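Student: Now for the letters of each chain:
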Amino acid sequence: MSRQRDDYEKSWWYRFRKWVDGEMDLLDEGMEIRVPDEMLAAMDGEGQDAARHPAENKEHTFSYDGRGIRYFRRFYQVMSVLLCLSIIFVLLWTVAYLPAFGNAGNPDNNEVSARYIERGLQETGAVNIVTGMILDYRAFDTFGESCVLFIASCCVLVLLRIDAADGNEQARKRLEEANDRLFEPKNDVILQKCACVLVPLILVFGIYIVLNGHLSPGGGFSGGAVLGSGLILYLNAFGFGKTERFFTEKVYRRLTLSALTFYCLAKSYSFFTGANHMESGIPLGMPGRILSSGLILPLNICVGLVVACTMYAFYALFRKGGM
Amino acid sequence: MDTPLFVNMEETVSIILFGIGFTMLMLHRNLIKKILGMNIMDTAVYLFLAVKGYINGRMVPIVTNQIQDASAYINPVPSGLVLTGIVVSVSTTALMLALTIRLYERYGSLDLDEILMRAKEEERT
Chain Y
1 MSRQRDDYEK
11 SWWYRFRKWV
21 DGEMDLLDEG
31 MEIRVPDEML
41 AAMDGEGQDA
51 ARHPAENKEH
61 TFSYDGRGIR
71 YFRRFYQVMS
81 VLLCLSIIFV
91 LLWTVAYLPA
101 FGNAGNPDNN
111 EVSARYIERG
121 LQETGAVNIV
131 TGMILDYRAF
141 DTFGESCVLF
151 IASCCVLVLL
161 RIDAADGNEQ
171 ARKRLEEAND
181 RLFEPKNDVI
191 LQKCACVLVP
201 LILVFGIYIV
211 LNGHLSPGGG
221 FSGGAVLGSG
231 LILYLNAFGF
241 GKTERFFTEK
251 VYRRLTLSAL
261 TFYCLAKSYS
271 FFTGANHMES
281 GIPLGMPGRI
291 LSSGLILPLN
301 ICVGLVVACT
311 MYAFYALFRK
321 GGM
Chain C
1 MDTPLFVNME
11 ETVSIILFGI
21 GFTMLMLHRN
31 LIKKILGMNI
41 MDTAVYLFLA
51 VKGYINGRMV
61 PIVTNQIQDA
71 SAYINPVPSG
81 LVLTGIVVSV
91 STTALMLALT
101 IRLYERYGSL
111 DLDEILMRAK
121 EEERT
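Chains Y and C supply the protein sequences, listed in that same order. All the letters of the first sequence, read from the start, carry residue numbers 1 to 323 under the working numbering. All the letters of the second sequence, read from the start, carry residue numbers 1 to 125 under the working numbering.
No wet-lab data here; the hints were simulated from the structure. A hint or two may mislead.
Unchecked claim - Here are the computed distance ranges between Cβ atoms for each label pair:
| id | chain 1 | residue 1 | chain 2 | residue 2 | range |
| --- | --- | --- | --- | --- | --- |
| 1 | Y | 99 | C | 66 | 40 to 46 Å |
| 2 | Y | 147 | C | 16 | 47 to 53 Å |
| 3 | Y | 108 | C | 16 | 53 to 59 Å |
| 4 | C | 59 | Y | 99 | 37 to 43 Å |
| 5 | C | 29 | Y | 155 | 53 to 59 Å |
| 6 | C | 116 | Y | 196 | 46 to 52 Å |
| 7 | Y | 70 | C | 107 | 37 to 43 Å |
| 8 | C | 92 | Y | 319 | 16 to 22 Å |
| 9 | C | 66 | Y | 188 | 47 to 53 Å |
Note that the structure is predicted; figures quoted are calculated from it, not measured. All C-beta atoms, glycine included, are put in the ideal place defined by N, C-alpha and C.
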């Protein structure tokens with residue numbers, strides 16, 4: 001049995017535990033910028049006192065451009081440059097021992113990728129092996145990615161949303177005017193004419209990328225980003241009044257949620273039947289056709305919807321704090 | 001010309017990019033520039049991963065002419081990993097920018113030191 005220490009409250013372990021529990025800040029004094037000793041000696045008694053106990057002595061805090069802070073900054077910069085250089089050096093040293101670039105015998109070209117290439121077309125029906133990999137073999141990974149996007153847009157919504165119920169109507173209106181970039185030209189003719197031509201093209205191109213994800217480079221993520229940028233261009237040219245007719249917060253919520261739910265259920269079904277050696281009943285179709293490769297096309301559409309909505313939501317939230 | 005660093009030139013470049021990003025993250029006090037540095041680091045990681053999947057003289061992993069030999073295509077796994085990385089980096093960047101906006105609204109500054117000073121002062125009073 002260990003001897004009970006009477007100075008337990010001063011021990012490192014106790015302080016560490018308190019800090020983990022959040023009752024105490026271990027770095028409370030440590031975060032204060034330390035003043036070098038020779039500077040302390042150069043100061044008069046009163047200033048010295050203030051430097052040692054800045055938290056207790058309100059009227060003797062350091063000014064922002066004090067000499068101590070400047071010294072500290074110089075020291076910090078030198079140390080961080082040294083740290084960065086040493087990190088680069090260590091990593092470059094590692095690179096020197098890595099296998100040669102582009103060599104087929106490298107250890108990362110193992111049986112996993114060989115299997116994906118040799119059997120991918122038969123098992124997933126996708127001509128594009130990368131799409132077959134990320135939306136069939138590793139579909140739950142992609143589901144996690146879509147959820148990361150969704151959660152990020154939720155967090156941005158929480159952080160940046162301006163609530164209409166909060167505060168009076170006039171303040172909100174003023175805030176909105178300020179956020180909507182009052183000094184930029186509204187109803188810019190050049191932008192609107194260009195958008196008239198470009199937005200349909202961009203949207204069609206985005207839809208093409210999404211739908212051809214299993215046949216050619218592309219897929220839900222890149223196509224969704226293109227769709228989102230088309231929407232953002234439309235918003236910039238014609239303002240929030242036009243986009244709010246078809247894209248509001250409610251639409252965003254419903255689209256994203258239904259896309260994620262469909263993705264989750266469809267892939268759960270296909271994994272369940274696959275793991276139990278049952279027939280899933282999803283036809284793989286002729287490789288190379290648009291309507292082929294089973295679930296990959298609907299899943300690509302789901303991912304594309306989530307990405308497009310999230311891109312647009314990010315832009316709208318950053319610009320005016322709402323959709 | 002045969003030194004390992006030169007043979008692995010792409011990896012070397014990605015490490016140097018990573019270092020540039022990390023230095024920006026450490027040295028700049030402006031929060032926006034810190035986020036830029038973080039994005040440069042992300043890009044370096046994508047470059048590294050994409051380089052790892054490349055094999056000399058092979059095709060992109062899209063089945064053409066019914067060739068299904070593993071020795072005909074490059075490695076598809078790192079491409080998928082890069083895709084994951086890009087999505088996560090977009091999400092984290094948006095989150096960091098939103099937090100920066102809130103900090104700016106609260107303290108009226110993008111300088112990290114100044115924000116810390118003001119937060120400390122507010123805590124005292």
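Student: Each of the hints needs a verdict: does it hold here or not?
Tutor: Checked hints:
no.	hint	in the structure
1	Y:99 x C:66: 40 to 46 Å	violated, 31 Å
2	Y:147 x C:16: 47 to 53 Å	violated, 34 Å
3	Y:108 x C:16: 53 to 59 Å	violated, 22 Å
4	C:59 x Y:99: 37 to 43 Å	violated, 21 Å
5	C:29 x Y:155: 53 to 59 Å	violated, 25 Å
6	C:116 x Y:196: 46 to 52 Å	holds, 49 Å
7	Y:70 x C:107: 37 to 43 Å	violated, 22 Å
8	C:92 x Y:319: 16 to 22 Å	holds, 20 Å
9	C:66 x Y:188: 47 to 53 Å	holds, 52 Å
Checked against the numbered hints above, the structure violates hints 1, 2, 3, 4, 5 and 7; every other hint is satisfied.
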